[in-house]
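Asker: Given next are the chains, with one letter for each unit.
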Amino acid sequence: MLRIENLSASYGEARVLRDVSLQVAAGEVVTLVGRNGAGKSTLLRCVMGLHAGQRGTVELDGRDITRLPAHKRARLGLGWVPDDRGSYATLTVTENLILPPTVGPDPWSLERVYEAFPALHTRRDSAATMLSGGEQQMLALARVLRMGARLLLCDEPTEGLSPLLVQQVGDLLREAKRHGVTVLLVEQNLHFATGVADRHYLLAEGRVAEAMDNSEVRSRERELLAYLGI
Amino acid sequence: MSGFAQNTFNGLVSGAFYALLALGLAVIFGMLRVVNFAHGAFYMLGAFGAYVLLTEAGVPFWAALVIMPVGLGLLGMALERAVIHRLTTLDPLYNFLLTFGLTLILQDLVKLRYGVQSSPYATPSLLSGSVNFGLFDFPTYRVFILGFAVLLCVAVWWVLTRTRIGMVVRAATERPDLTRAFGIDVGRWVTPVFGFGIGLAGLAGVLAAPMRAVNPLMGADLIIVVFAVVVIGGLGSIFGSVAAGFGIGLVQAWGEAYLSNFPIVSQTIVFVVMAVVLLWRPAGLFGREEAPA
Chain A
1 MLRIENLSAS YGEARVLRDV SLQVAAGEVV TLVGRNGAGK STLLRCVMGL HAGQRGTVEL
61 DGRDITRLPA HKRARLGLGW VPDDRGSYAT LTVTENLILP PTVGPDPWSL ERVYEAFPAL
121 HTRRDSAATM LSGGEQQMLA LARVLRMGAR LLLCDEPTEG LSPLLVQQVG DLLREAKRHG
181 VTVLLVEQNL HFATGVADRH YLLAEGRVAE AMDNSEVRSR ERELLAYLGI
Chain B
1 MSGFAQNTFN GLVSGAFYAL LALGLAVIFG MLRVVNFAHG AFYMLGAFGA YVLLTEAGVP
61 FWAALVIMPV GLGLLGMALE RAVIHRLTTL DPLYNFLLTF GLTLILQDLV KLRYGVQSSP
121 YATPSLLSGS VNFGLFDFPT YRVFILGFAV LLCVAVWWVL TRTRIGMVVR AATERPDLTR
181 AFGIDVGRWV TPVFGFGIGL AGLAGVLAAP MRAVNPLMGA DLIIVVFAVV VIGGLGSIFG
241 SVAAGFGIGL VQAWGEAYLS NFPIVSQTIV FVVMAVVLLW RPAGLFGREE APA
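These protein sequence lines are chains A and B, in that order.
Numbering-wise (UniProt numbering), the first sequence opens with residue 1 and increments by one.
Numbering-wise (UniProt numbering), the second sequence opens with residue 1 and increments by one.
Simulated from the structure, these hints should not be mistaken for lab results.
Values in this document were obtained by computation on a predicted structure and should not be read as measured data.
Please note that a few of the clues may not be correct.
Restraint-style ranges between C-beta atoms, simulated for each label pair [said to hold, decoys possible]: (1) B/I105 with A/E115: 55 to 61 Å; (2) B/R33 with A/R220: 46 to 52 Å; (3) A/R63 with B/V70: 38 to 44 Å; (4) B/T89 with A/G37: 22 to 28 Å; (5) B/A78 with A/G37: 43 to 49 Å; (6) B/R33 with A/R63: 30 to 36 Å; (7) B/L104 with A/G53: 32 to 38 Å; (8) B/L104 with A/R207: 52 to 58 Å.
Glycine included, each C-beta is placed from N, C-alpha and C at the ideal position.
Assemble the whole structure, with the sequences as input and the hints as a guide.
Answerer: Encoded structure:
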């Protein structure tokens with residue numbers, strides 16, 4: 001579904017990604033793991049079209065989208081879950097949910113979102129930034145599900161969440177996967193990653209250092225954790 | 001007591017002009033991150049346009065009230081497409097140079113044709129005379145301005161808070177990049193929003209014509225206070241700019257009435273208020289610190 005070929009990106013003089021190539025098949029959940037500064041978030045931003053100054057190719061369903069602006073990529077079915085959760089302070093919770101147009105064949109209705117997240121329903125008319133961190137994370141995920149996005153780009157959705165909420169995020173991603181949604185996920189929590197994902201890419205210094213499956217990550221957990229510095 | 005009511009009323013009327021101009025600056029800054037130093041020139045063009053339409057074509061006030069905002073709004077949109085949009089990637093200094101340069105050009109073009117002396121513009125007959133509200137007589141035209149400006153601010157507020165267009169504008173103002181990532185073509189909204197802000201300035205100018213001296217520099221004098229208003233309200237805050245507009249109108253009117261023995265104080269009070277507000281809240285009364293993209 002998603003194919004990245006020889007992608008390089010830089011911030012000014014600093015090169016953050018060097019010739020990264022990877023693929024995500026339809027219906028797969030794939031994580032990007034790596035130390036801080038390894039280029040994981042930049043890679044997601046490049047896929048979304050939010051990073052100026054990149055070389056290489058990004059393909060979606062065989063179509064070259066490298067030159068496409070972000071809003072057109074979203075309309076092809078990309079769902080953006082940013083690392084800061086992307087809550088709008090000047091929009092209510094409901095407005096945060098209905099801001100993006102629906103882009104996929106199977107969007108969640110607002111009713112379904114509120115049924116799945118009673119806390120969002122209770123606070124539906126409050127400014128989104130008044131929600132707790134966990135609720136804002138749920139809002140960010142609910143928003144792309146309501147869009148009906150086919151490929152979710154999630155930047156550390158479990159960061160700073162309680163174990164209970166981490167489990168809820170996992171349940172959501174697994175449910176999305178059951179409905180055929182594809183997910184590319186930046187994740188530091190290896191335990192969580194092996195629980196939801198099919199495959200993993202280890203990024204180091206802007207390159208794909210290794211591609212691993214779940215059993216490999218589990219058997220090398222100690223080594224990986226030490227490497228990641230967690 | 002009636003003196004106080006009169007001063008308050010007059011303060012609200014000048015506040016109405018500040019509010020309309022600050023509102024336009026706020027929506028423009030919010031969407032484009034451009035401070036439009038030419039805003040006062042468009043206010044002047046609104047008033048001058050109404051004057052020229054009346055004296056040279058016999059077009060009445062009410063028609064000018066529609067023609068000038070729409071015409072200037074379209075001119076604003078053309079300017080945005082031609083030059084203003086280039087500013088977004090440049091150093092803010094160019095923002096100042098371009099929009100201030102536009103001011104000088106527009107002012108001098110008007111001067112070239114009509115000179116610098118002020119021209120009178122008759123109050124429309126429907127709004128001449130005065131209204132008695134008990135305490136004293138209010139000039140009908142000023143009552144109209146106040147009512148019209150309040151109505152307009154409420155209408156803009158309604159559009160911004162209750163419609164899908166308003167929601168998109170708020171989202172694009174707060175987080176442009178994020179909003180693009182949600183499938184919204186933010187760029188498409190930039191030109192109309194700029195035109196709308198300019199249209200508001202033109203409208204304020206038409207409203208000012210019967211009340212204030214119509215001359216090429218009328219905008220230059222006013223806009224300095226309007227910038228203080230925008231800074232006090234919080235750059236880019238819609239509500240803040242309107243509230244601060246009316247607030248500063250009041251402060252100025254009260255200052256002139258009750259501190260007239262201390263001209264230094266009454267003439268600088270707006271900027272004293274601005275300095276105090278900035279020390280207390282650097283982002284303005286209703287402003288928020290810039291969020292990351």
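Asker: Evaluate each hint against the coordinates.
Answerer: Hints, verified against the model:
1. B/I105 with A/E115: 55 to 61 Å: This hint holds: roughly 59 Å between Cβ atoms.
2. B/R33 with A/R220: 46 to 52 Å: For B/R33 and A/R220 the Cβ distance comes to about 47 Å; the hint holds.
3. A/R63 with B/V70: 38 to 44 Å: Distance hint for A/R63, B/V70 holds at roughly 42 Å.
4. B/T89 with A/G37: 22 to 28 Å: 27 Å, holds
5. B/A78 with A/G37: 43 to 49 Å: 46 Å, holds
6. B/R33 with A/R63: 30 to 36 Å: 33 Å, holds
7. B/L104 with A/G53: 32 to 38 Å: 37 Å, holds
8. B/L104 with A/R207: 52 to 58 Å: Holds: the Cβ-Cβ distance is about 54 Å, inside 52 to 58 Å.
Checked against the numbered hints above, the structure breaks none of them.
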